Amino acid sequence: MTETAYNFAYLDEQTKRMIRRALLKALAIPGYQVPFASREMPMPYGWGTGGVQVSAAVLTPDDVLKVIDQGADDTTNAVSIRSFFQRTAGVATTTRTQEATVIQTRHRIPEVPLTEGQILVYQVPIPEPLRFLEPRESETRKMHALEDYGLMHVKLYEDISRHGHIATAYAYPVRVEARYVMDPSPIPKFDNPKLGDCPAIQLFGAGREQRLYALPPWTQVVSLDFEDHPFEPSKADHPCGLCGATDSYLDEVIVDDVGGRMFVCSDTDYCEARQAQGHRGKDAA
Amino acid sequence: MYVAVKGGERAIGNAHAWLAEERRGDTAVAELSVAQIREQLTLAVNRVMAEGSLYDRDLAALAIKQARGDLIEAIFLIRAYRTTLPRLGASIPVDTAAMACDRRISATFKDLPGGQVLGPTFDYTHRLLDFKLAAEGAVPEAPLRAAESGPVPHVAGFLNREGLIEEAPQDDTPPPDLTREPLAMPADRALRLQALARADEGFTLGMAYSTQRGYARTHAFVGELRIGTVAVEMDIPELGFAIEIGEITLTECETVNQFKGSKTEPPQFTRGYGLVFGQTERKAISMALVDRALRWQELGEDDQGAPAQDAEFVLYHGDNIQATGFLEHIKLPHYVDFQSELELVRKLRREAGADAAKEAVQ
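In the order they appear, the protein sequences are chains W and E. Residues are numbered in our numbering as their position in the first sequence, beginning at 1, plus a constant of 1063. Residues are numbered in our numbering as their position in the second sequence, beginning at 1, plus a constant of 83.
Calculated directly from the structure, the hints in this document are not laboratory data. Model, not experiment: these values are computed from the prediction. Some hints here could point you the wrong way.
[Said to hold, decoys possible] Here are the simulated DSS-like cross-link-like pairs (lysine-lysine), alpha carbons at most 30 Å apart as the crow flies:
1. E:K430 to E:K414
2. E:K414 to W:K1298
3. E:K414 to W:K1218
4. E:K148 to W:K1298
5. E:K215 to W:K1345
6. W:K1218 to W:K1205
7. E:K430 to W:K1218
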């Protein structure tokens, strides 16, 4: 049942139009951060208000919505956002990646490859990849305009000279169509290769920071690296304890207080589907 | 045997039920009514209206009740409500010179037209706990006097006649709307004042205090502080003239700041300005000091690198709803990022030989 006091998907049509215009601009300039007049939402900043506004702007009554947080459909905030759209938009929801037309995510890209016609909406805390190198927005906007990414390369180089590796494990910066350096949101770098040449539309919303950006389908997205230190996606070097998958990103779960641990797929839908197909990991019942 | 955690939905529902119970407290104690909050916790109501940017005492009181007295949570409720309201139009600028003042003081002149009116202030109370209040004592009636009928002109105007204070720049450009446009830098004064008017009281106070202690010091006198009601008028297109649609209580503070002059400006006094909903004088004075500190560029002053001079720093960090949201979001699950950091730290330690060294010690 929808709450009739509010418009479809909560936001009024004028606000949705403003967001859609910003999204169109974002799609036209892949990787460019478009300022938008983010609204106060009924959930706090930091809880995915940017993603929620983007989802609200793109949802239609026929859409099937999936919401994940940390790859899982049943984490508390994913549950909360899903029920928000059930209440305010009355849209159908699913946990199956293949069935969803709009997927809102925090910190992961689903394991099952996305397809044409799907929209993946990311919740973004700090949209500016240069923010931790330069705290001033006025400066970072200039750096993007001038394509001045030297500072970022110096940072990566310093990592290599100090640690032997680029010491960034998530929110690993990417370059879009050889132009804008973009923050892919705090997804593990394991997910970075899924950003490029993706048949789905990828939209990024940062509510508190009032920025939107986008990757249209089949966009070239390259994780920053050096010829002699190529980018390496990484994950825990184990198969999933429940479904035995060796190709999925894993969460480490502490199972006792004497150092026992197991590794399970962070993408719960992927893991459950594999188990339903009869795959079993070493810790499965 | 590990089973993936389920039941987030039920946990949330139960948490909400528990919260509602805690909010009510001991049911043997009478429930607080919204009207009681509105009438007896007025300064809390004022703060919620000011930082929530919505002038509605009943809604602010309701928000305080719902938020269990957490004022930032109450402000958040008001903001989230306000953003859904349709915009019917804009009022014409309120005339604070025509304010019906409950309180009007100047720290720069002993007496002045309109007089010094203390009004309902804590200023000269002795901060001794009044145990009579605990016993629900009746309040003695305050003596009455007829209000002065004469005009209450702004103090800065007197200085202006002698040219001792900078002109208040007259500008009829419609101000930008922070709630409908993304904040953009550089921000002009109208936008800065708008952001400060809804900024967190504690943050604004801290910023203002830092200027007093020497971080971009511009010694401020309270030229005038006035609290009272002003009429809100709106142009009605069908009528062709403005009509009064209500009145609101405002606190206005204008500071008079020392200024020795710069390359571009002669020695004169300069102004800082604060205007806030309700009786909220700590906030209004703080706002005026921060406003003045942020004006260093237009007055040709030096950049001292002080936080209160830095518009990006002040405006991007003064909003308590943004700040508390981002701060508190670190409570949300971060398993995935943390896992990737774990892998990285393990790898770096392995390569640095740290684990081998640790084992050798053991």
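**Item:** Hint numbers not upheld by this structure, sorted from lowest to highest
**Value:** 4, 5
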